[in-house]
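Taken in order, these protein sequences are the chains called A and B.
At position 361 of the first sequence the residue is numbered 362 (my numbering), and the sequence of numbers has no breaks.
At position 345 of the second sequence the residue is numbered 1039 (my numbering), and the sequence of numbers has no breaks.
Among these hints, one or two may not hold up.
Covered stretches of chain A, going by a simulated chain B footprint (3 or more residues, C-beta under 8 Å) [said to hold, decoys possible]: (1) 263-274; (2) 386-393.
Covered by chain A, per the in silico footprint, the following chain B stretches (three or more residues, Cβ under 8 Å) [claimed, not checked]: (3) 915-928; (4) 1112-1123.
Hints in this document: simulated from the structure, not taken from any laboratory.
Glycine included, every Cβ here is placed at the ideal spot set by N, Cα and C.
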Amino acid sequence: MPLGEHEVWITGLGLISSLGDGWQAHMRALANHRREPVIEEKRFAPCVVHPLCDVDFSGLIPKRTDRNQMGRWQLIGVHAAGLALKDAGVAGQAALLDRTDLCVAAGNGERDIATDARILATVSEHRDPERALATILPLELRPTLYLGQLSNLLAGNISIVHKTTGSSRTFKGEEMAGVSAIEDAVQRIRYGERDLFLVGGALNAEREDLLLGYEIDGALWHGGHRSVWARTGLGGMCPGSMGAFLVLERREHAEARGARPYARIASVLSDRCDRSPGMATQQGLGFCEALAMQAEGKPLPVFSGASGVEPILTEERNFLQEIGSRGCLPVVRAYGSLIGHGVEAHFPAGMALAALAVSGLTQLAAFDAMENERTINETPERALVTAFGHWRGEALALVEAVL
Amino acid sequence: MIPRIHEVFSRQELRDSKKRPVVAITGIGVITALGAGVSENWRALIAGRSGLRRITRFPTDGLKSNVAGTVDYIVPAPASSVSRSVAMAIEAASEAIVQARIGSPGRFPGPLFVATPPAELEWAHLLQLYGVNNGSGSTGYSQLLTAGRSGRWSHLRSTLRFASPAEILAVRFGTQGQPVTLCTACASGTSSIQLGMEAIRRGAAQSALCIGADGTVHPEGMIRFSLLSALSTHNDPPEKASRPFARDRNGFVIAEGAGALVLENYSVARARGARILGIVSGCGEKADDYHRTRSRPDGTAMIGAVQNALDDAAVEPEEIDYINAHGTGTPENDRMEHLSLRAVLGDRLDRTPISSNKSMIGHTLIAAGAVEAVFSLMTIGTGTLPPTINHDVPDPEIELDVVPNVKREGKVRNVLSNSFGFGGQNVCAVFAAEPQ
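Next up, chain A with everything else stripped away, as it sits in the complex:
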């Protein structure tokens, strides 16, 4: 096998969001023209979030002591990771798990909102708040709190609960965290360094501390929910709770154990630019040229990771229009309109949806009147996934059917 040419198969999908628990629920949603997003507009008003569906975490995280050690972000991620391992037929296989490598995309875990509020109320009354903090913090904070916050503890908890004990790497950087995690796994498989990966991320959107960060960032959409393409104005992001994990595998490894692929990852390309006008659009077009895709005159599903935040939203729209004028027939599905923006988990979620699309397991209904009404009747052979980060980083992936 020439260096760097091993095939990367997606052999397991673990997806949970506001739409449901498991990829099957998402498959049905993708095919349903009338599927409305699940939104929460009151609890965090004026922010809009997509709340997680009802789920019993004890199914895939049976030990209460484990569940008690985790924040909700970690619970969602560990659950989705468990779904993917089960789906790939890796769960419970000790020998396989011992060489399963983890690539996780993560931000921070959650803070204890009530504790923070109590501390702020007390400390802000003091004449010397700094000194008051030094005495109050050690009494109020709990040891488990930090373990819920540490970025790499999603990966740590996955190893503990699911027994994946190959290597463990956590990537950060908003949307690009998800891209880096998948790129790292793809490279290590492509170059024959490793065989089997569990890759993904999670977001708990229903937390004030997370929203506070994105409010300061100026990234959140205020007002009623609408399609990401229609969010012109300030902000644009409606965070969505989700967990998205994929099992990636070297083709020969999957074949040897009889695992069936949803799709192969043909390519993941990423870069950064300074976001001066037109730069990100050009970046995307450069990726397309590097993919050397032939204009086949067939519809090409594009799972757009658009967050709704300007000005990158316009850049991505221009990019998509441009590839349309170059002979592709892009069928754009900005999945954030339906499940919200998953930040670190968003790109893995898009990859999972693209895998479902090319596997023939779902049809692609337009889930937004702003998107072109082109539907695809036959199973597409390939799909693109975009990640134009809400403030930095661009990436494009090509997912292909394994025929």
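Once you've looked at the hints, dock chain B against the given chain A.
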């Protein structure tokens, strides 16, 4: 037919025993509580001087530990652990790039791999935000969110965005491609080197800038570890607070710093006449599934990481001349590190000196692997083994030659550098002298 340049080149490229391109280190930079720059740090380190001191940055009245390895001579604005980490990363990377004489100003010809601490609002920020609306009737996060929405705090963005440190560094040094930000807890610095090494081995890059930085000595940063009983409570005198491998050790000392390394394809570096400081001959990792803060009692994962590193580097245990320990000074780490090394190196361990830089600089957390890689290369380059200071009471259960209290001279070709972190993170690297 005239062969293309890369084909000619690849025939002459030096490969390791596994036919992979050899990865050289041509530039190093460091900043710790001992000072800025490799030479200042190294002088202090081999003199056995501690950089640990009483915390003055904030009141420590209610804390059991009040010693840290703070870097106080860097005062970035806005004050935050992220901005401090970025400022230190810039210092260390500038030093490494100048030494490597690579690229041109503002254009580093390879990718960036950087390990950074959490991007988060600290209590000082929360109090500022909270204070703005006081009297509005709202409380807690509702009050914070109202302030956050006002647009008056957008200067805190750089503290909140996880991709921000990498973005600032990528722009500053003109690195190529998507910068990669990673976190493997206290093994992060070594992971950044591992990712750079892998990119060069694959031929995806001919050079890489690898950085680990951490500036998280702030009240909550201290309390987090204090509540986990991880910090040393030997507060007096501060320079005696960190006691790796000693019987009376009772925790690590939190510290700040940054380490940066320029990695290059060895043959490319040679061809351009670069000075070779050493090579990264291998890295190994192994995840632990036992506990969130503790390692499997039989040491399986740590042993796996050490063994994987030796395998990847294709070196035998007897070829390791010196070990740069993780050596945090917590009862758990030092005991488990000894047990794991014993399992892999066997009797050979009795004749392998091992010392902990953390006895002098404290535990620089996210930065530790990168900082200690710099010192590992200095050990190779100078033939001087830095000591483990504060080794007054040896632990009878840890039979190690820790180079107690005083430096030692010795020929060192291969160094094993260990990094272990919360969340089951275990990453080890082997650094070696330039191939002869």
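Each hint, compared with the structure:
1. For the stretch 263-274 of chain A, the stated coverage by chain B holds: 3 residues have a C-beta nearer than 8 Å to a C-beta of that chain, and at least 3 were required.
2. Closer than 8 Å: that is the beta-carbon criterion, and the stretch 386-393 of chain A has 3 residues meeting it against chain B, so the requirement of 3 holds.
3. Coverage of the stretch 915-928 of chain B by chain A holds. Counting CB-CB distances below 8 Å, 6 residues qualify, and the rule asks for three or more.
4. Residue count for the stretch 1112-1123 of chain B with a Cβ under 8 Å from a Cβ of chain A: 5. That meets the three needed, and the coverage hint holds.
When held up to the earlier numbered hints, the structure conflicts with none and fits them all.
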